[in-house]
Amino acid sequence: MIKDEKIDLKEFYEIRKDVLQTWPTGRNVSIEEGLKFHRTIPEERRFALVMSQARKKHQTRLQPRAGVALIDDHIKL
3 MIKDEKIDLK EFYEIRKDVL QTWPTGRNVS IEEGLKFHRT IPEERRFALV
53 MSQARKKHQT RLQPRAGVAL IDDHIKL
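Note that the working numbering has the sequence shown beginning at 3, numbered continuously upward.
Hints were generated in silico from the structure; no laboratory data involved. Quantities reported herein were computed from a predicted structural model and do not represent experimental measurements. Even for Gly, the Cβ is constructed at its ideal location relative to N, Cα and C. Treat the hints with caution; some may be incorrect.
PhoX-like cross-link-like pairs, simulated, lysine-lysine; straight-line CA separation at most 25 Å [stated by the list, open to error]:
no., residue 1, residue 2
1, 5, 19
2, 8, 58
3, 8, 19
4, 5, 58
5, 38, 12
6, 38, 59
7, 8, 38
Across the chosen pairs, the derived CB separations fall in these ranges [said to hold, decoys possible]:
no., residue 1, residue 2, range
8, 48, 72, 18 to 26 Å
9, 18, 47, 19 to 27 Å
10, 11, 76, 33 to 41 Å
Taking the hints into account, I'd like the entire structure generated from these sequences.
See below:
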């Protein structure tokens, strides 16, 4: 069953270990390096933060979804 609730760090690492058994490319991913990188992203580019701020201000944000990753490809559509 899918639940939307926070789990403790120990449980997270146990689940992560199981998942990485089936995801070989993920084994080389460092959580610490990922966190370090994400902390360098400006606040206005952090999706969760932007959405949280918009919700508090009762504002709507749009996110283009067209099956392409690059902005130039979205514009071409």
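Here is what the structure says about each hint:
Only pairs whose Cα atoms come within 25 Å are accepted, and residue 5 paired with residue 19 is accepted, the gap being roughly 19 Å. Straight-line distance between C-alpha atoms of residue 8 and residue 58 comes to about 21 Å, which keeps the hinted pair within the 25 Å bound. A distance of roughly 18 Å separates the Cα atoms of residue 8 and residue 19; the hinted pair therefore holds under the 25 Å criterion. Under the criterion of a C-alpha separation no larger than 25 Å, the hint pairing residue 5 with residue 58 is consistent with the structure, at around 24 Å.
A hinted pair counts as satisfied when its Cα atoms are at most 25 Å apart, and residue 38 with residue 12 qualifies at roughly 21 Å. Between residue 38 and residue 59 the CA atoms are separated by roughly 29 Å; this puts the pair beyond 25 Å, and the hint is violated. This hinted pair checks out: residue 8 and residue 38 have alpha carbons roughly 21 Å apart, not beyond 25 Å. As the Cβ distance of residue 48 to residue 72 is approximately 20 Å, the hint placing it in 18 to 26 Å holds.
Evaluation of the 19 to 27 Å hint for residue 18 and residue 47 yields a pass: the beta carbon distance comes to about 26 Å. For the hinted restraint 33 to 41 Å between residue 11 and residue 76, the CB-CB distance of approximately 37 Å keeps it satisfied.
Hint violations for this structure: number 6 only, all remaining hints satisfied.
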